[in-house]
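Chemist: Sequence:
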Amino acid sequence: MLTDRIDTDRIERRLEDLWEIGRTDGGGVTRLAYTQEEERAIEYVVDELDDDVTVRTDSIGNVFATREPDAEQSFFVGSHLDSVYNGGKLDGTLGVLTALEAIETVEQVDETPPAPPTLAIFRCEESSRFGQHTVGSRGALGLLTVEEFSAVDEQNVPLWQAIQQAGFQPENLSEPTIDLDRVGAFLELHIEQGRVLDETDNDLGLVSSIRAPVRYHVTVEGDEDHSGATPMTMRRDAVTAASEMILSVERIGREAHDDGDVVATVGDVTAHDGAINKVCGSVSFPIDVRSNDVDFRDRVEEDVLADLEDVATRRDVSLETELLDRSDPVELDGRMIESLDGIAESMDASHRVMASGGGHDAMNFQHVGVPTGMVFVPSIDGISHNPKEETTTDAIAAGTELLARAILEGPPSA
1 MLTDRIDTDR IERRLEDLWE IGRTDGGGVT RLAYTQEEER AIEYVVDELD DDVTVRTDSI
61 GNVFATREPD AEQSFFVGSH LDSVYNGGKL DGTLGVLTAL EAIETVEQVD ETPPAPPTLA
121 IFRCEESSRF GQHTVGSRGA LGLLTVEEFS AVDEQNVPLW QAIQQAGFQP ENLSEPTIDL
181 DRVGAFLELH IEQGRVLDET DNDLGLVSSI RAPVRYHVTV EGDEDHSGAT PMTMRRDAVT
241 AASEMILSVE RIGREAHDDG DVVATVGDVT AHDGAINKVC GSVSFPIDVR SNDVDFRDRV
301 EEDVLADLED VATRRDVSLE TELLDRSDPV ELDGRMIESL DGIAESMDAS HRVMASGGGH
361 DAMNFQHVGV PTGMVFVPSI DGISHNPKEE TTTDAIAAGT ELLARAILEG PPSA
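Take 1 as the starting number for the sequence shown in the numbering used here and just add one per residue.
Think of the hints as simulated: they come from the structure by calculation, not from any bench.
Don't be surprised by glycine CBs; every beta carbon is placed ideally from N, CA and C.
You can trust all of the hints, since none of them are fake.
What follows is a set of in silico ranges between Cβ atoms, one per label pair, in the way DEER data are often shown:
no., residue 1, residue 2, range
1, GLU302, THR233, 30 to 36 angstroms
2, GLN165, GLU302, 37 to 43 angstroms
3, ASP381, ARG352, 17 to 23 angstroms
4, ARG335, GLY27, 36 to 42 angstroms
5, GLY357, GLU12, 23 to 29 angstroms
6, MET232, GLN165, 45 to 51 angstroms
7, PRO69, LEU323, 35 to 41 angstroms
8, THR321, VAL146, 17 to 23 angstroms
9, GLN165, ASP381, 36 to 42 angstroms
10, THR230, GLN36, 42 to 48 angstroms
11, GLU12, THR54, 24 to 30 angstroms
12, PHE296, ASP4, 42 to 48 angstroms
13, GLU107, TYR85, 34 to 40 angstroms
Please model the entire structure based on the sequences and the hints provided.
Modeler: Dropping the structure here:
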């Protein structure tokens with residue numbers, strides 16, 4: 001039985017080893033894209049592979065590993081190893097390690113999969129460093145633009161330069177780095193990053209669709225003044241103006257949530273050159289609006305931007321909004337969902353079909369027409385992007401078995 005062959009101790013040992021790469025004092029992980037920590041994590045996984053596995057690294061650092069590189073079609077499974085600042089040990093990493101374990105499990109059984117598996121490890125899935133999400137998978141699929149490639153981090157290092165500094169030479173951005181005709185299917189396991197599975201006592205979530213964001217970087221400019229010498233009626237305070245704007249993002253998101261699927265978030269605020277004895281003259285913050293319904297999301301976006309302008313006018317501050325990203329929601333392949341549902345039923349695993357609130361590498365494969373599936377395991381208490389990120393051993397085992405059985409069943413077209 002596949003269940004008996006899955007080695008959860010090995011998965012957890014590898015998780016612990018990878019946790020040490022970029023581990024923070026508080027027990028979290030900081031393993032940003034195109035840093036030495038991300039590179040070391042990838043090297044660790046590659047070192048865990050058997051010697052007869054062919055490993056290919058593409059022009060932006062993605063890794064693809066398979067025993068049959070010349071097969072007409074392959075079943076791709078994997079995820080990413082980079083993290084947010086002080087994130088958890090499971091986000092992305094669990095997807096890579098369960099994919100590896102599933103492949104190793106399939107190789108132990110007396111059954112040949114219709115399409116040999118390929119382990120995929122994608123760079124820069126998180127937007128924490130450059131404000132650009134799923135860079136590795138988009139680059140592998142020819143979906144990156146020159147503008148996105150020029151995004152900079154907090155030290156003003158452009159993405160393209162960071163890739164070069166990591167030892168890679170990006171080629172034609174519009175050309176995929178993998179042969180899409182060879183990709184029979186893509187399947188990704190991930191922690192849910194929400195509370196649904198944990199609160200409904202399900203071990204597995206079968207993802208039907210993926211929300212997509214529209215993101216802005218907002219800059220509010222007022223006047224820097226002395227806090228004691230400037231009367232309250234004569235201030236152009238960037239902090240108070242930005243505070244009202246941020247609250248309006250929350251208010252609009254809450255009101256819109258009553259009418260449809262949407263979330264609106266400001267996850268960071270920077271008061272430039274702020275001090276206890278100053279009226280702050282410059283504040284910046286990001287806005288993230290997501291939905292499964294692109295038209296509804298765009299209407300909420302319009303309401304948010306209009307309200308920002310209104311606050312800026314009333315408070316006599318200047319406002320600059322820079323569009324960082326606009327992605328479309330994705331419906332995953334119905335055949336893959338049906339197949340995964342049947343496998344989960346045969347395993348007698350508790351599961352449900354559900355939408356994904358976060359973006360993932362999987363959505364890019366579906367965008368280019370590759371049959372794509374995604375599997376969630378619970379996030380205990382819904383915690384993610386946080387050192388307290390956890391799931392259960394039973395869910396890890398069930399998720400790994402589902403991946404292995406899906407590989408043995410093969411792509412929808414196989």
